[in-house]
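Line by line, the protein sequences are chains H and P.
Per this note's numbering, residue 1 is the first one in the first sequence, and the count goes up by one each step.
Per this note's numbering, residue 1 is the first one in the second sequence, and the count goes up by one each step.
If you're looking for bench data, these hints aren't it; they were derived computationally from the structure.
Treat the hints with caution; some may be incorrect.
[Unchecked claim] Cut-off 20 Å, straight-line C-alpha distance, at most; resulting in silico cross-link-like pairs (EDC-like, lysine to aspartate or glutamate): (1) H:Lys66 / P:Asp107; (2) H:Lys48 / H:Asp73; (3) P:Lys181 / H:Glu14.
[Unchecked claim] Covered stretches of chain P (chain H as the covering partner; in silico rule of three or more C-beta atoms under 8 Å from a C-beta of chain H): (4) 100-110; (5) 171-178.
Heads up, the beta-carbon is just placed ideally off N, CA and C, and yes, glycines get one too.
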Amino acid sequence: MFHIYCPHCAEYREEEEFHAAGQAHIARPLDPEACSDKEWGEYMFFRKNPRGIHHELWVHAAGCRKFFNMTRDTQSYEIKEVYKIGEKPSVVAE
Amino acid sequence: MSDLNVMTAAEMAATKAAVMDQVPGPEIQGQSPLHHADLDSLAKVGPKQGGVHLREHKLLGHLTLRLNPENDDQLAAAERVLGVALPLQPLTSVENGSYSVRWMSPDEWLILVPGLEAFDVESKFRDEMGGHYSLVNSSGGSTVLELSGPDVVELLKRCTPIDLHPKLFPVGKVVSTVFAKSSAIIRRTGEQRFELVIRRSFSDYIWLWLQETSREFGLVVKV
Ligand SMILES: [Zn+2]
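The following block holds chain P by itself, in its conformation from the complex (with noise of 0.2 Å):
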């Protein structure tokens, strides 16, 4: 069998994949899977004090990277893209202006980039990579909430069984993990601030989990 990692740019070019852009046009909106709950609404007429706050960062390009941490060719061609290595230490995340990207895994990263910039991040990693890796737009599968405010800690502390103590979860690092009866990538983002990747089939449920389990603190919704 043939090295998948070296080859001619011919067979670059043979394994290139068909991308699609999947944001329509201007002419249709996008929903995000929290669109029923209609945040912007609760924004305005919702509480403004309160322990903990949320928002939500809608329609976002999330894409799933997948390649060998030990090809040199492919880490060079994804900091190419990206204008930033790959973190290769587990549990962290690097930043670049609006690129982020979080270790997932040993072999896989997870990207988030502006939403309207997915299909030019995807169509770069193309034609910047080659040999075995893979790239999955899953931006409809998920949504990211931010969570943030003086009580944010004590609030994940009644939802996710990690220790979130600054001293074992710094601000970059990143989790997969279980989130009350489903799961979340939670990332720190600052002191007192975080970062939930979940499920769109999921936002529904963590959506009111959020409500009832903040109820104590007092949850501010902001746009």
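Bound-form chain H, shown alone (with noise of 0.2 Å):
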């Protein structure tokens, strides 16, 4: 059970009240009519999956319903930070 700290309610709560919704930091490709199929094939459906540090994108789905990112060690679960959409991670994988 993940102790998770919103940004936005600046307070702990329960996993429960959240969901996670994937990888963090995919940019939507500018002009979606000039991709080839392979990158908007790579944009849409291809995510890491990375052993260690991950950044994630989660949403505070029964609290305040904002979405914030999370940085998170997948082979230990902690929690190493998390921070508002349009920042930038400090922790990231070497």
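Take each chain as given, in its own frame, and dock them per the hints.
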């Protein structure tokens, strides 16, 4: 069970209030029409599955309903940090 | 693109949304989502002693306001309508007489007003506020329960993962959270008194849940 800090509510809440929404920092191609099928397919369907540091998008579903980012170690389950959308992670994989 | 928050008077008038009075005339009686539970009769014939007291505040006006918290004009307009500034601190609430305002999110507030005043308050918002904002009357979508009594905290511990210790959950604090297998907006209105805003479609489930969960303390229904 995670104890997750919501950067909008500014306090820790139980995991059951949150939903994980997949990998963070996926930029939508600026001009989808100009994408090749490969580029679009990679944007749509291909995701990282690292062992170790991973940047994820979470939503405080039962709380403020805002999205935020989380850096998590997929091996130890340790939450390294949370940060708002638009901010950069300070903990990154080596 | 033009800045939506800087508008001329004419532009402001053009954005004014149509507002409808959702409360019918006095000849039509409104029914709360817990109408079928007949809490009034239960209050008369039910137990008078118990560790948990329950009261429904039915048919209030529920208004969801969303605006940019960095827009001072909009904040000032909201204060003119409500007579009190919107709470900007996360998880806090304010009251002004029969109006109460809950912080729900950095750009969202839930305002409760007496049911018959909702249309008036809504209309005032439309007159006072300009720019890009949203005000939705969701009165029909939820109802309000007041839970109090010496065992109310013990009861709530069985319903929600929120830490209710007075140090972490002082009077005035408000959270939106999971409640049983549903959700609720919980606000502490006294040391041993809480307000729950619950969804219409889950109100019967929560009513049944509260009866079951409060069995060990004794439930007193109040009018
Ligand atoms: Zn939150």
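Verification of the hints:
no.: 1; hint: H:Lys66 / P:Asp107; result: holds, 10 Å
no.: 2; hint: H:Lys48 / H:Asp73; result: holds, 13 Å
no.: 3; hint: P:Lys181 / H:Glu14; result: holds, 14 Å
no.: 4; hint: 100-110; result: holds (count 4)
no.: 5; hint: 171-178; result: holds (count 4)
Figure legend: structure checked against the earlier numbered hints; every hint is met.
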